[in-house]
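Chemist: Below are the chains, spelled out letter by letter.
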Amino acid sequence: MIGLAYALSGSRSAAEDLAQEAFLAAHNAWERVSQYEKPEAWVRRVVANKSVSMFRRRMREAKALARMKTESSYLPRIPAEDDEFWKAVRALPKRQSQAIALHYLEEMSVVEIAAILECAENTVKVHLHKGRKRLADRLGLQMGDAT
Amino acid sequence: MTTLDARARSAAHSINACVAEFTPAASFDVIAVRQTRWRTIQAGFAGVVAAVLVVVAGIAITQTPTPEVAEETVTTVVEPTVPQEPEIVTPIVTDTTEMAETTTTSEAPETTTTTTTTTVADTTPPPLTITAPEEGKHFEIDRIEFRGATEPGATVFTGKYQATVDAEGNWSIVLILSPGANGARFVATDPAGNQTEATVTVHYDLPETTTTTTTTTTSEPPKEEYEFTAYNVYGTCEEDPPYDVYWGTAPPGTPIYVESEYGSGTTAANEHGEWEISVYFPEAPGGKEFTVKVKDDTGQKYLFGFKRLI
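Going line by line, the protein sequences match chains A and B. Counting in the numbering used here, the first sequence runs from 242 upward without gaps. Counting in the numbering used here, the second sequence runs from 2 upward without gaps.
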């Protein structure tokens with residue numbers, strides 16, 4: 242969950258808060274969430290939605306600044322080349338970035354991603370295809386393996 | 002040449018590796034444990050507060066006027082009800098004007114004296130001014146410090162974010178603006194629980210992109226990114242005031258309207274074809290779901306449900 246938040250928000254300081262808030266939301270709504278077949282999918286959806294929300298991400302960063310969180314308590318930095326990849330992912334349209342992150346980071350299938358994003362499997366395929374194509378263009382990479 | 006999938010796997014590995022090095026933030030089990038601890042703390046806190054109230058009441062009955070009491074007054078008897086939630090008792094200073102009688106009987110039966118005491122409670126809302134920024138001011142940067150003044154000892158919140166207040170009552174907080182109009186609502190609360198609100202609206206104008214030309218727009222992004230879409234983040238809220246965040250895409254500059262019976266807002270899609278807005282529903286009734294309509298200027302609309310949980 243934290244990895245998903247980190248990848249989609251790009252904020253080392255906010256990733257933990259984002260994941261924790263999602264679990265708290267699940268806890269607070271547990272009566273309802275526990276009835277779902279896969280509660281963890283609900284939490285992932287909350288994390289994905291919260292993480293791509295630019296305004297809230299910035300507000301969390303402001304809150305983190307206000308708390309004077311020490312640098313050492315942030316997530317470790319990732320290599321620059323990999324950071325560049327996730328920056329490109331975050332620059333995608335939101336649904337594409339969410340689908341790409343769930344696909345590569347969580348190694349989820351189209352069916353699983355569709356369940357989390359609450360959309361049709363074909364829609365996920367379109368998001369993945371467009372997202373991957375745009376990433377390849379921006380990063381100067383070949384498309385590679387099939388999705 | 003490196004393939005996209007190989008690069009993606011490397012990037013995913015980096016994220017997972019760095020997360021693995023970090024202390025796990027939360028899980029269902031951890032949250033459950035934390036909630037249990039918090040309830041224990043709450044129960045303990047309520048007990049401590051009850052004990053403090055009993056002691057205060059005892060001291061007050063015997064002799065001591067509190068600093069908040071006017072010269073001619075002597076005492077008050079605090080309501081002995083034991084509060085169940087710490088929020089209820091946070092304002093230790095009573096917030097109502099009450100009359101109480103305390104009868105003191107001396108050892109000599111013939112010299113009974115009755116002292117009528119009146120507690121003059123603090124019912125005056127704290128002052129709250131916003132000295133910066135000015136109402137309606139436009140900025141081309143998104144990080145702005147809001148400043149103002151209030152009563153020393155008062156707290157100032159905007160939403161759930163607390164401003165720093167110095168000993169003289171000067172407060173400040175840095176907020177991040179979203180593109181377009183930003184309405185900031187501040188609430189000052191004094192130690193007696195009296196509140197004052199103040200609002201200011203400022204605008205964040207996105208910097209002009211001087212390199213925007215026809216050639217750049219034809220290369221990307223594709224047209225379908227600019228379709229009007231809308232999503233909500235929460236659907237429910239247990240904070241006060243409750244709010245939800247709506248976001249989506251639309252052609253740049255498209256006005257977006259969020260409308261409901263209990264709260265509305267408007268924004269516009271930015272130059273990247275993205276929009277986002279937080280809408281508060283302060284008057285929303287608890288437990289009742291209502292409909293929130295998000296529409297663009299052509300009338301295309303999306304409907305969402307929202308329910309206040311408290």
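For the record, the hints were derived by calculation from the structure and aren't laboratory data. We put the beta carbon where it would ideally sit given N, CA and C, even for glycine. Incorrect hints may have been included.
To be clear about the criterion: a stretch of chain B counts as covered by chain A if any three or more of its residues have a C-beta under 8 Å from a C-beta of chain A, and this derived list gives those stretches [unchecked claim]:
id, stretch
1, 6-13
2, 231-241
3, 287-300
Chemist: Please list, smallest to largest, the hint numbers that this structure does not respect.
Modeler: Going through the list in order, the structure violates hint 3 alone and respects the others.
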